[in-house]
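Engineer: The primary structure of each chain is shown beneath.
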Amino acid sequence: MSTLPAPTPLYSWHVEHAGRMVDFSGWSLPVQYDSIISEHKATRTAAGLFDISHMGRFYLRGPDAANVLDRLVTRRIANLRPGRIRYGLITNEQGGILDDVLVSHLEMPDGQPLFLLVVNAGNRDKIGDWIRQHTPEGGAVEICDQTAATAMLAVQGPRAEAIVAGTLDSEVCKLGYYRGSVTTHFGGSCIVSRTGYTGEDGFELIVPAERGLEVWQALCRTGGPLGLKPSGLGARDTLRLEAGMPLYGHELTDEIDPFQAGLGFAVTLKDHEFIGRPALERRRLTDSPQRVGLVLDGRRVAREGCPVLSSGTCVGRVTSGTFSPTLQKSIAMAYLAPDCLGEAIELGVDIRGRLQSAQRVPLPFYQRVRDASKNHAFSSDFQGSTR
Amino acid sequence: MNEEQLLYAPTHEWVHVAEENGERIATIGISAFAVELLTDLVYMELPEVGKELIQGEEFGEVESVKAVSPLYSPVNGQVVAVNSELPDRLETLSDDPYNEGWILKVKLAGDAELANLMDYPTYQKQCAEEG
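Protein sequence lines, in the order shown, are assigned to chains A and B. Each residue of the first sequence is one higher than the one before, counting from 1 in the working numbering. Each residue of the second sequence is one higher than the one before, counting from 1 in the working numbering.
A portion of the hints provided could be inaccurate.
[Stated by the list, open to error] Covered, in the sense of this in silico footprint (three residues per stretch, anywhere, with C-beta under 8 Å from a C-beta of chain B), are these stretches of chain A:
| hint | stretch |
| --- | --- |
| 1 | 31-37 |
| 2 | 290-303 |
| 3 | 311-325 |
[Unchecked claim] Here are the simulated DSSO-like cross-link-like pairs (lysine-lysine), alpha carbons at most 27 Å apart as the crow flies:
| hint | chain 1 | residue 1 | chain 2 | residue 2 |
| --- | --- | --- | --- | --- |
| 4 | A | K174 | A | K41 |
| 5 | A | K41 | A | K270 |
| 6 | A | K329 | B | K66 |
| 7 | B | K66 | B | K125 |
| 8 | B | K107 | B | K51 |
| 9 | A | K41 | B | K66 |
Since the hints were made in silico from the structure, they are not lab data. Don't be surprised by glycine CBs; every beta carbon is placed ideally from N, CA and C.
Input sequences plus hints: build the corresponding full structure.
Structural biologist: Next comes the structure, spelled out in structure tokens:
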């Protein structure tokens, strides 16, 4: 059974601009327009514009919305103040990760609260079912999948703020990191958040689907002279890898728990009951394979599935790898057995039958220099940090 | 080299055959179409001089940010020269794939297998289909 990938509201624009379209989790999206490396560099030095309309978007409303999410997400949501955003995991009863998500507590213009849950495209149906399954019968919450009704765009990079200020207004640029707000732009409502998946400063915008193209083009017009480049999934992947951010289906699966994944910072056990908590209390104290960063000698790239060896024994597997455009090095993330986590242990990666030596390095591989003059009080919310 | 006068393998390698000192020498590279498809090249691995190649078998690999692609020999024969500067100057493959971007020179073992290769118009048709 194969169905055609769905077009995002920007599909025609991508095709007209030579986007190399691929099927990604059921959506037709560009891997790149001209080159992954040039798009990657644009985001690191100026700005990149990404169509992320494939991301699943659930809107939860009603008096029970916060409590429903509080029970499903590894972070506290019940005490999340309006305008704030948290990164968290949704775990099953065994503590395995069903998805990594962003939860925003927003305030509608009429003062009503709106909880936005952004999930990975490939997990949208699974998480939709999971929420409904775990919503108490007769609960005062309305759950609405708004993915198809909206477009989602990301502007990422050191010039993102100037571009968003020039396209929307300078007021929204006062948003701090991991803050979000519902605004009125382009003749309708728009959700703006200071979040991203690239390791740079940036914004994510959600607008009605029929406004997507107009907003995209407006951002291109303002951003073009500032070096903004429309960028595809290829650059999105190399950027998040350098930033040490996990990708569901690679670093995260329902067999991996948040502690192994180096995401312990996204689990609040204190005063917080949620699905998976009892299992996680146990798993936290268990020695299990850990997510690590590797830098390889030479320019060959370790791909997903490549065995990691120590003294001739397989001690783990690569989950993602690429050639880092910023560091000009072959980098990878892998899970390594607990007794092989010492910095001094010699490692090698078996790339198609040939061993390439590798060093374990702390994640992230790349961290931007932050502008201390800006309000980044909650900038530690996602650093992709792991030991 | 004039791309219209080269022979092509279905796996996108090009071949140019010339007489040199009484030997039939094939110069081998990869087509502009293939380089364009790969983009963002980061690494290339080439065989040693002296290695025997068999048509259709792997002789090296070229890696891009996205993926690794094997290079397949379009002919039978022995490697007599390798463009050893190429792995350090991969941009040459896109800048000048049919001249400076040559990869190998191979002393042909015979001629018969050249019949398995395509001429330029046939290869163009294949590229158009792969789009």
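Engineer: Hints first: check each against the structure and report whether it holds.
Structural biologist: Hints and how they fare:
{"no.": "1", "hint": "31-37", "verdict": "holds (count 6)"}
{"no.": "2", "hint": "290-303", "verdict": "holds (count 5)"}
{"no.": "3", "hint": "311-325", "verdict": "holds (count 3)"}
{"no.": "4", "hint": "K174(A) / K41(A)", "verdict": "26 Å, holds"}
{"no.": "5", "hint": "K41(A) / K270(A)", "verdict": "41 Å, violated"}
{"no.": "6", "hint": "K329(A) / K66(B)", "verdict": "14 Å, holds"}
{"no.": "7", "hint": "K66(B) / K125(B)", "verdict": "26 Å, holds"}
{"no.": "8", "hint": "K107(B) / K51(B)", "verdict": "11 Å, holds"}
{"no.": "9", "hint": "K41(A) / K66(B)", "verdict": "16 Å, holds"}
Consistency with the previously given hints fails for number 5 only.
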